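Listed here are the chains, written in short residue letters.
Number of protein chains: 2
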Amino acid sequence: MKEFRNKTDLISYINNLKQNGQSVGFVPTMGALHQGHLALVKESLKNNDQTVVSIFVNPTQFDNPEDLKKYPRTYQADKSILKTLDNNIIIYHPDANNFYDGNIKSDHFNFDGLELEMEGKHRPGHFDGVATVVKKLFETVRPDRAYFGEKDFQQLLIIKKLVKKENLPIEIVAVPIQRESDGLAMSSRNKRLNPLQRLSASYIYHILTQVRYLFEYYDIVSIKKFVYEAMAAHPELKIEYFEIADEKNLKPVTRKKSGNKYRAFIVVYAGDIRLIDNVAL
Amino acid sequence: MKEFRNKTDLISYINNLKQNGQSVGFVPTMGALHQGHLALVKESLKNNDQTVVSIFVNPTQFDNPEDLKKYPRTYQADKSILKTLDNNIIIYHPDANNFYDGNIKSDHFNFDGLELEMEGKHRPGHFDGVATVVKKLFETVRPDRAYFGEKDFQQLLIIKKLVKKENLPIEIVAVPIQRESDGLAMSSRNKRLNPLQRLSASYIYHILTQVRYLFEYYDIVSIKKFVYEAMAAHPELKIEYFEIADEKNLKPVTRKKSGNKYRAFIVVYAGDIRLIDNVAL
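So the sequences go chain by chain: A and B.
Following this note's numbering, the numbering of the first sequence begins with 30 at its first residue and continues without gaps.
Following this note's numbering, the numbering of the second sequence begins with 30 at its first residue and continues without gaps.
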């Protein structure tokens with residue numbers, strides 16, 4: 030287990046690996062690791078000589094300071110979990126000042142409109158924050174492959190676009206959503222749910238499951254009505270948005286076209302905890 | 030495998046068993062057997078020397094002639110299924126005229142108010158029909174134990190009351206609801222659901238599951254509001270009723286008292302197919 034806190038040290042270590050012809054897989058995380066992250070790490074371990082996991086709660090991607098403050102930080106536990114997977118994982122755990130060279134702020138990006146939908150609308154500055162940190166991480170780690178979960182599906186497409194626009198020689202690998210036994214999408218935020226919120230949260234995936242069933246038979250307007258009403262009925266949950274969007278450009282659609290692939294996207298609050306999920310239709 | 034169609038023949042066969050000191054378990058069914066029935070039969074096989082399964086679509090317990098007409102009848106398949114469980118099961122498959130001695134109608138019963146709630150309200154004459162047929166079956170089979178599923182929980186309490194009122198030496202054994210992998214309570218009627226209705230029907234149990242979670246924290250008025258609104262949102266389902274009732278007397282309650290046990294009861298239509306379910310709270 031190698032641990033790096035300093036960018037320059039990690040850069041020379043990776044240089045060395047590359048000179049020895051080793052392939053590098055990379056899993057960027059904000060820590061508070063769960064089975065969702067581990068699925069990414071396992072995928073990387075399978076297909077690369079070396080795997081780098083970054084653990085960095087990036088301040089610039091939080092639009093809400095309270096959310097940043099409350100985001101779970103469990104570094105020692107994270108290290109132990111990674112150790113159980115493979116003892117050769119390289120951990121990059123920078124502090125924000127070293128990472129940003131003392132200038133903690135986001136660049137501004139244009140992702141051809143991907144950044145304007147859904148999360149882009151509801152979390153101003155979020156994707157600039159994400160793209161800034163991922164681009165910097167890519168410059169430091171220079172992986173052959175980088176792994177992202179489909180839970181943050183819009184983020185996944187944005188990272189693919191970033192790599193394309195910046196012409197980076199990195200393969201972006203998408204890994205399906207990992208779910209708890211009751212269907213709740215795994216997320217570090219789930220730890221913050223109180224027992225009733227945790228149980229209630231299973232409702233989100235059950236509604237999405239019904240959406241999958243209904244999608245073949247009902248128009249999108251009726252399905253949206255169903256979701257908003259069903260969510261409004263639940264006393265522990267509050268919907269932020271529900272969209273059915275084209276899987277390629279994430280533009281919300283109101284009518285299906287044959288041949289296109291769609292996904293349903295939802296964000297729901299349980300108390301002040303923001304839960305995100307999506308399913309392929 | 031012994032099969033009886035004639036009441037008198039079965040009576041003498043049972044007489045013989047009794048004289049030989051054999052205990053008799055009894056599972057009354059309307060056929061179209063599924064894992065729910067088989068759970069009852071297995072329970073009987075475990076605890077009795079002989080098991081009688083009746084297969085009889087009793088006309089007098091249907092308040093709706095269309096429902097009676099469409100009730101699935103699959104006698105040959107039922108026989109094969111029972112054979113796989115145990116080759117010594119005794120099947121009683123009467124025709125209605127022989128069973129009712131030519132006079133197909135119900136007696137009238139008083140079950141101290143149990144018969145007036147929920148199913149009693151929504152299916153006039155149903156419990157008179159059930160009690161009439163079960164009483165006649167008990168007189169013919171004279172079991173030591175009879176097995177009933179908790180899916181028809183009100184029926185179960187009514188049969189217990191019948192046995193008590195009529196002073197019958199029969200132990201009524203309750204068997205928990207058997208569910209499909211998506212939670213839908215097993216029922217012969219499920220066969221009639223079209224693919225979308227079948228998938229949608231899983232919503233019922235998911236809503237009941239949420240009710241179980243919410244019950245500890247919310248008042249009953251809020252929970253009923255949740256269920257009615259969540260069911261109203263679903264385009265494939267239509268709620269007939271939802272009640273939270275005392276497990277002993279089935280009186281619907283609006284306020285919890287500590288020490289009492291409650292159950293949530295629901296009836297939902299998918300098209301013209303009536304689906305019933307309940308959960309302990």
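To be clear, the hints were calculated from the coordinates, so they are not data collected in a lab.
Everything numeric in this text was worked out from a predicted model, so none of it was measured.
Be aware that a few hints might be false.
Each pair may be met inside one copy or between any two copies, as identical chains are not told apart.
[Said to hold, decoys possible] Below, simulated DSSO-like cross-link-like pairs (lysine-lysine); rule was C-alpha separation at most 27 Å, straight line: (1) LYS150 <-> LYS165; (2) LYS189 <-> LYS285; (3) LYS112 <-> LYS71; (4) LYS267 <-> LYS254; (5) LYS267 <-> LYS253; (6) LYS99 <-> LYS180; (7) LYS190 <-> LYS165; (8) LYS190 <-> LYS134.
Okay, the hints, checked on the actual structure:
1. LYS150 <-> LYS165: within (24 Å within a copy, 68 Å between copies)
2. LYS189 <-> LYS285: Within. Shortest intra-copy distance 25 Å satisfies the 27 Å Cα cut-off; inter-copy 54 Å does not.
3. LYS112 <-> LYS71: within (12 Å within a copy, 48 Å between copies)
4. LYS267 <-> LYS254: both (15 Å within a copy, 16 Å between copies)
5. LYS267 <-> LYS253: Answer is both: 15 Å inside a copy and 18 Å across each meet the 27 Å cutoff.
6. LYS99 <-> LYS180: Classified as within; 20 Å inside a copy, 44 Å across copies.
7. LYS190 <-> LYS165: Result: close within a single copy only, 15 Å intra versus 74 Å inter.
8. LYS190 <-> LYS134: Intra 21 Å, inter 74 Å, cutoff 27 Å: intra-copy only.
In summary, the structure agrees with every hint in the numbered list given earlier.
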